[in-house]
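Enquirer: Below, each chain spelled out in residue letters.
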Amino acid sequence: MTITRRTLLATAALSAAMLFGARELPAQTVLNVVTAGDQNMVDYVNEFLGPRFEAENPGVRVQAAGTGPGDAGSRKIYEKLKAQADSGAEVWDVDVAVVHQKMAGQLVQEGLLAAYRDEVETGRLATRDTVRNALGVNVEGYVMPMFHSQIAIAYNPDVVPNPPKSYAELAEWVKENPRAFGYNGIKGGMSGVGFVMGWVYAFSPLGDKLFTGPFDEADVKLIEDALAGLKDFNQNVTFTPGNAGTLDALNRGEIFMGPVWVDMFYTWMADGRMNPNTRLTLIAPGLPGQPMYYVLPKKAAQPELAKKFIAFATSPAIQAEGIVKRFNWYPGIDAEHVKPYLSEADWNKLFVDVTPEDLKAYGKPFPITPYFNAILEAYERVAG
Amino acid sequence: MSAWPAEPAHGAARRVEAAPGLRLAALGERLLPLVLVAPALATVLLFFVYPLSYSIYDAVFEDGRWTWANFEKALALYGPDILLTLATVLLSLALIAVLAVAIGGYLTLGEHPGAVALLRWLYRWPLFIPFIVTAQMMRTFLAKNGMLNHALIGLGLYTPLEAPSLLDWRGVVVAFVWKQTPFVTLLVAGAMASLDRGYVEAARNLGAGRLRILVEILVPLVRQTLFVGLVLSFVIMLSVLSVPMMIVAGQPTLITVDMAFRITAYGDYGVANALGTISYLMTGVVAWLYLRYAVARAGRS
Chain S
1 MTITRRTLLA TAALSAAMLF GARELPAQTV LNVVTAGDQN MVDYVNEFLG
51 PRFEAENPGV RVQAAGTGPG DAGSRKIYEK LKAQADSGAE VWDVDVAVVH
101 QKMAGQLVQE GLLAAYRDEV ETGRLATRDT VRNALGVNVE GYVMPMFHSQ
151 IAIAYNPDVV PNPPKSYAEL AEWVKENPRA FGYNGIKGGM SGVGFVMGWV
201 YAFSPLGDKL FTGPFDEADV KLIEDALAGL KDFNQNVTFT PGNAGTLDAL
251 NRGEIFMGPV WVDMFYTWMA DGRMNPNTRL TLIAPGLPGQ PMYYVLPKKA
301 AQPELAKKFI AFATSPAIQA EGIVKRFNWY PGIDAEHVKP YLSEADWNKL
351 FVDVTPEDLK AYGKPFPITP YFNAILEAYE RVAG
Chain B
1 MSAWPAEPAH GAARRVEAAP GLRLAALGER LLPLVLVAPA LATVLLFFVY
51 PLSYSIYDAV FEDGRWTWAN FEKALALYGP DILLTLATVL LSLALIAVLA
101 VAIGGYLTLG EHPGAVALLR WLYRWPLFIP FIVTAQMMRT FLAKNGMLNH
151 ALIGLGLYTP LEAPSLLDWR GVVVAFVWKQ TPFVTLLVAG AMASLDRGYV
201 EAARNLGAGR LRILVEILVP LVRQTLFVGL VLSFVIMLSV LSVPMMIVAG
251 QPTLITVDMA FRITAYGDYG VANALGTISY LMTGVVAWLY LRYAVARAGR
301 S
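One line per chain: the protein sequences are S and B, in this order. The first sequence begins at 1 in this note's numbering and counts up one residue at a time. The second sequence begins at 1 in this note's numbering and counts up one residue at a time.
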């Protein structure tokens, strides 16, 4: 009986100690970061950014979730925020979101984001056009680029010593080398979509109107005319299943050339998953690239902490170590702020094949949203 | 006498007290089935009937007005894909039926116990592999320089340059057949095993070969089970997104990919729901055929 009472007392004391002890611990603040994009985006937050931010901010836990690749992933974030806005919720459960350009514009237009760029100290370090313009929508103040990426043509120089330098040359090359060029159409990822956009840049007379607008319904005919040539071109190409499918097909020697995302290409190369001889080239008049944006939902639960997180993520040291060195992306903030934090070798790694001059000349944005959609639908009608 | 008025009153009071109890019990008995069925009914209404109705509504109404525009667009842009979807699934079903009957038949009629045991152990494996894993395997297996072609080139059937890539509708058929055959076989082999062996023995005594016994005795006896397995497989295959998404390169493709594309590329739920409704119609026709068959059979028995 005594033992039982002692045991009871000890248990009660232990419980009390645990209870009060737990109360003395600092309360943990959770920062919810939701990111669109491939798994490497979630890995970047979970494995690189989160632990470093938590170390600098005791009591904070960064909780990352991925919503999936491509615009579909960004759309899920939009739908979540829209549902919370429509339900009248006072506090939303996303503190920081990472979205593609197309959806960033829509989020701003529908008033789902907070303007924050002027309030973070790194805001002035990003000055590219993408900070203000997301596919024709003014996003000034609402976004900070996490990184920029670019679509380029990967080729096997053992088989193609002199790759085409323009879309026109590529079209000729494909006629002479049927099925040696591969891409993933428009339903298998953005590298194929980007290649189709580049085709319209090359063969339609619309030029910069595709980037500046205004959209004119009559231009759809011009787009269809440009894409009629792509239908013939498609007869002589190999279609690949997805962005990774193009890289796989290059590796297996099924194709000798195809459009890929530059960062994905370098990551595969670094992992030893690519033939090390494979090279990249940007062809005239250019291929599109795009940034991913950090955005702050209007009713984020932790707006101040979110701003601190974005400032941290876009600081030159983190951009150098994480974005450039580890993940092979082009930096989100201006390159001159990042370069001092990297060795010459690490910096040059990004620009071996595609030089800064190439990027300047042939690195294009995607078209504004109405032209973007019009090109996709025209492709389905004419070239699909 | 004095007790009489009290007693009936007392008895009446008891009856009055008992009556609500009885009524409650009777009410409870009547309500009990409804209460028991309510969770299942609510689930069906909430997660099936509501989304289905909403999806059809969204396909035919835009801004509150009736329109065929979504269907017109779906047919104009994806007409070939709708036909390809139907053809791919029907071809897969035909192959599944043949293979399921062949495997089930061998399990029932096979005379080599070792081979029967091995086949019984082996054929079920794909049941436990999800569609997305199947798609990933087939993507490597069926590619131009994939394992299948390497084996065929090794056998001298064709040269590396002639090797075709099966990453199109043919790859989808291979994946569907590989994944769904064990499911139908499981049902068919079970039905065959439960048949009276007397039919088989009698046929054998009269000199029938194994193929004849399979085609003329076993298959007619298990055809209802086979039909059920095929109907379920039809519905499952029609709804798979991962396989065509990962295997089919370029156009044409299956309509599940088009539905996903309408939503992710354009945020266009109208046309996606129109394609969904077309998909419901396909499964609806099969369900109707199945019900007609089941009712006719119930009527006979």
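Hints listed in this document are in silico derivations from the structure and should not be mistaken for laboratory results. Hints may contain errors.
[Unchecked claim] Okay, the calculated bits of chain S under chain B, using three or more residues with CB under 8 Å as the criterion:
id, stretch
1, 123-137
2, 232-242
3, 266-276
4, 372-384
[Stated by the list, open to error] Straight-line alpha carbon distances no greater than 30 Å define the calculated DSS-like cross-link-like pairs of lysine-lysine that follow:
id, chain 1, residue 1, chain 2, residue 2
5, B, K73, S, K76
6, S, K298, B, K73
7, B, K73, S, K209
8, S, K339, S, K360
For glycine and all other residues, C-beta sits at the position ideal for the given N, C-alpha and C.
Enquirer: Now tell me if each hint is right for this structure.
Expert: Results of checking the hints against the structure:
no.	hint	result
1	123-137	violated (count 0)
2	232-242	holds (count 6)
3	266-276	violated (count 0)
4	372-384	holds (count 6)
5	K73/B - K76/S	holds, 25 Å
6	K298/S - K73/B	violated, 36 Å
7	K73/B - K209/S	holds, 27 Å
8	K339/S - K360/S	holds, 17 Å
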